[in-house]
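K.L.:
Sequence:
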Amino acid sequence: MPFIADLHMHSHYSIATSRDMTPEGLWKWAQLKGLTVIGTGDAIHPGWFRELARKLDPAGNGLFALRADMREDIIPRSCVAEVFFLPSVEISCIFTRNGKTRKAHCIVLFDDMESALRLQNRLSKVGNISSDGRPILGLDAKRLLAMVIDDCPRALFIPAHVWTPHFSVLGSASGFDSLEECFEELTPRVHAVETGLSSDPPMNWRVSPLDRLTLVSNSDAHSPQKIGREANILNTDLSFEGIARAVTTREGFDGTIEFFPEEGKYHYDGHRPCKVRMTPRQAADAEYRCPVCGKKLTLGVLNRVEALADREAGFRPKAAKPFTSLIPLREIIADTLRAGAQTKKVDKVYFDLLEKLGPELAILMDAPLTDITRTGHPDIADAIARVRAGDVTIEPGYDGEYGRVAIRR
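For the sequence shown, position 92 matches number 853 in our numbering, and the numbering has no gaps at all.
Worth flagging that the hints you see were computed from the coordinates, not collected in a lab.
Don't be surprised by glycine CBs; every beta carbon is placed ideally from N, CA and C.
Just so you know, not all the hints are guaranteed correct.
[Said to hold, decoys possible] Derived Cβ-Cβ restraints for the label pairs, each shown as a range:
1) Arg950 with Arg1135: 46 to 54 Å
2) Pro1078 with Arg950: 19 to 27 Å
3) His927 with Arg904: 19 to 27 Å
4) Arg811 with Gly1101: 32 to 40 Å
5) Arg1135 with Asp1108: 19 to 27 Å
6) Glu941 with Arg1135: 49 to 57 Å
7) Pro970 with Asp818: 26 to 34 Å
8) Glu1067 with Glu942: 13 to 21 Å
The whole structure should be built from the sequences, with the hints applied where relevant.
P.N.:
Below you can see the structure in the form of structure tokens.
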């Protein structure tokens, strides 16, 4: 059966994360967004693990469901749907290899809570796993993969936001030039990479060593409203086994939902304190120094992809999966109303559309424009049509600053 899954997010135990990142909050917003499967995030944090064990029940398919007595929120009738949780965690590995400090984030998706508990016990001997929902450990990423293979043989191991400058396997600031350089003989046990908000499939298609891997996309959300901003479209059994098969073999993996990569906060090169944003060519001409203060630029995702690319832009592998680039509905409404995305004005229109048409992703991708117009929002229907056509203008993000989107008219 076809469904949408967002498998990377965080809990309220993570730093700089909303207090509403609870099982109840995720359950509610998954329905509003149109997600069927969501990652729990932070599954090896002791406090979050206990909360998950208290609030979730096994669903009999390797996934979990929110207990009936925890489902207190009123969901618009048009959005009500089953939601399943998949235990997951992102782990930050900081280590030295060949005289260079490396920083890589890795996602682990577990087939059951017992596997998460085994890895929790193993990693508690490495470092403090309670200070942050996303544990930050002095652990080689290859060693982490070996631990997962040993303790959780059915789990999925996925390098996270693989191009991000500071905390990724291929990042410009602390990464490697290939997965093989990082994971060595264990590389065949890596079946997928997460592209991250600042890259999209066409950028990754330029790097031929990635062809054998499934390109997954997830929100990495720190608040419930952000889940589903990137996600995976699957057509497989609604089970851990079905999801694992789709990720490892691409059988039943029907593609991804993407940010426009320019909107991601590390797409271009730049220096945020000086508000300097540069293309890779401009950065090279400036010798990778900020023209204002002279400090080193943060080299963004586009620059790093171009550095490792062995194909021209526009190349598409034969086995490439389709993707859809979207702008979150709140941002579209805000652009149309000339209002802030978190204002009550936008909030009212957002929930009016959900009440009448269904969940957000269905509105953005599938709802007939005539139906959107009939809700009394013809300008929003026109804006959604332009987003579907890619008719948008984006001031690219850089050095931790999100890009700014404008819908052309």
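K.L.:
All hints, please: hold or fail.
P.N.:
Do the hints match the structure? See the list:
Between Arg950 and Arg1135 the beta carbon distance is about 51 Å. The supplied range of 46 to 54 Å therefore holds. For Pro1078 and Arg950, the Cβ-Cβ distance of about 22 Å falls inside the hinted range of 19 to 27 Å, so the restraint holds. The hint said 19 to 27 Å for the Cβ distance between His927 and Arg904, and at roughly 20 Å that hint holds. Distance hint for Arg811 and Gly1101: a CB-CB separation of about 37 Å, consistent with the stated range 32 to 40 Å.
At about 21 Å, the beta-carbon gap between Arg1135 and Asp1108 stays in the expected band of 19 to 27 Å. Checked against the hint of 49 to 57 Å, the pair Glu941 and Arg1135 passes, with Cβ atoms roughly 54 Å apart. Between Pro970 and Asp818 the CB atoms are about 41 Å apart, so this pair departs from the stated range of 26 to 34 Å. At roughly 18 Å, the beta-carbon separation of Glu1067 and Glu942 lies within the given 13 to 21 Å, and the hint holds.
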